[in-house]
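Using the sequences and the hints given, assemble the complete structure.
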Amino acid sequence: MTEQVYDPERPGQPGSGEKRSDDMRQLPLPFGHRRRFDEAGFVSGRSNAAARTWLFATDAEKSWSENRLALWGGQGRGKTHLLRVWAQRNDAMIVDAAQGLPDIATLLERTPHALALDALPEQGLDELALLRIINTSRERRMPLLMVARTPPSQWTVTLPDLCSRLRATMTVEIGPAEDVLLHRLMLRLLAERQLVVPRQITDWLLQRLPREASAIEDAVSRIDAVTLASGQPFDLRAAARLLADLSE
Numbered sequence: 001m002t003e004q005v006y007d008p009e010r011p012g013q014p015g016s017g018e019k020r021s022d023d024m025r026q027l028p029l030p031f032g033h034r035r036r037f038d039e040a041g042f043v044s045g046r047s048n049a050a051a052r053t054w055l056f057a058t059d060a061e062k063s064w065s066e067n068r069l070a071l072w073g074g075q076g077r078g079k080t081h082l083l084r085v086w087a088q089r090n091d092a093m094i095v096d097a098a099q100g101l102p103d104i105a106t107l108l109e110r111t112p113h114a115l116a117l118d119a120l121p122e123q124g125l126d127e128l129a130l131l132r133i134i135n136t137s138r139e140r141r142m143p144l145l146m147v148a149r150t151p152p153s154q155w156t157v158t159l160p161d162l163c164s165r166l167r168a169t170m171t172v173e174i175g176p177a178e179d180v181l182l183h184r185l186m187l188r189l190l191a192e193r194q195l196v197v198p199r200q201i202t203d204w205l206l207q208r209l210p211r212e213a214s215a216i217e218d219a220v221s222r223i224d225a226v227t228l229a230s231g232q233p234f235d236l237r238a239a240a241r242l243l244a245d246l247s248e
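No gaps in the numbering here: position 158 of the sequence shown is 158 in UniProt numbering, and each next residue is one more.
By construction, these hints were calculated from the structure, which means they are not laboratory data.
Heads up, some of the hints might be wrong.
Unchecked claim - What follows is a set of in silico ranges between Cβ atoms, one per label pair, in the way DEER data are often shown:
{"#": "1", "residue 1": "Gln194", "residue 2": "Gly74", "range": "46 to 52 Å"}
{"#": "2", "residue 1": "Leu159", "residue 2": "Ala229", "range": "49 to 55 Å"}
{"#": "3", "residue 1": "Ala168", "residue 2": "Pro233", "range": "52 to 58 Å"}
{"#": "4", "residue 1": "Pro233", "residue 2": "Gly175", "range": "34 to 40 Å"}
{"#": "5", "residue 1": "Leu195", "residue 2": "Asp126", "range": "39 to 45 Å"}
{"#": "6", "residue 1": "Ser63", "residue 2": "Gly124", "range": "51 to 57 Å"}
For glycine and all other residues, C-beta sits at the position ideal for the given N, C-alpha and C.
Here is the structure:
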């Protein structure tokens with residue numbers, strides 16, 4: 001299915017020595033690579049098993065209380081990736097809530113089958129707009145997926161009706177990534193870029209990199225840049241330089 005993305009800006013649409021590290025910092029990163037946000041590109045693990053069940057089990061949305069679900073978790077845990085996969089499956093419109101929420105009239109002009117609100121801020125919410133979206137979702141039985149870094153109980157909300165709706169919203173967390181998932185993620189990202197790095201080097205890096213998907217993505221991007229610039233295999237010495245550069 002074609003992915004719908006709400007763009008508030010588009011008219012007609014809704015609403016020697018140390019020099020080594022310096023050289024590495026000056027390497028042009030290969031920005032031509034684009035992450036895959038499809039189902040095949042998602043790395044599954046224990047930490048996201050509950051979220052996958054609530055999103056992708058047969059007729060999952062029918063088990064959502066009042067047709068909505070809040071998916072939450074820290075940065076870099078795959079929330080947006082899961083949201084995009086769910087949106088593709090359900091012909092849902094995606095709204096970047098960090099850029100603002102559409103008004104209901106503008107939203108319904110697109111007649112979405114479902115709605116996905118990504119990156120909802122825990123502070124500074126447009127409370128009235130969110131309340132109207134939630135009410136419309138319930139009245140029209142339109143599945144609504146809300147994604148944020150924290151659960152709705154931690155959002156700063158003053159409207160009593162919105163507080164009540166959020167308390168009634170089912171929530172599911174994506175937990176911190178486990179070792180197996182991080183290893184799979186690194187291998188997946190290396191394969192996407194057609195990079196071959198020995199297992200001993202990937203293991204060495206994984207033991208020292210921050211336990212976050214964003215850190216793995218950054219490291220693989222830099223590995224790509226280093227091998228592209230040098231034309232040489234990525235060895236342990238290059239890995240040590242990369243790690244030193246990331247820590248500065």
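Exercise. What are the numbers of the hints that this structure violates, sorted from low to high?
Worked result: 1, 6
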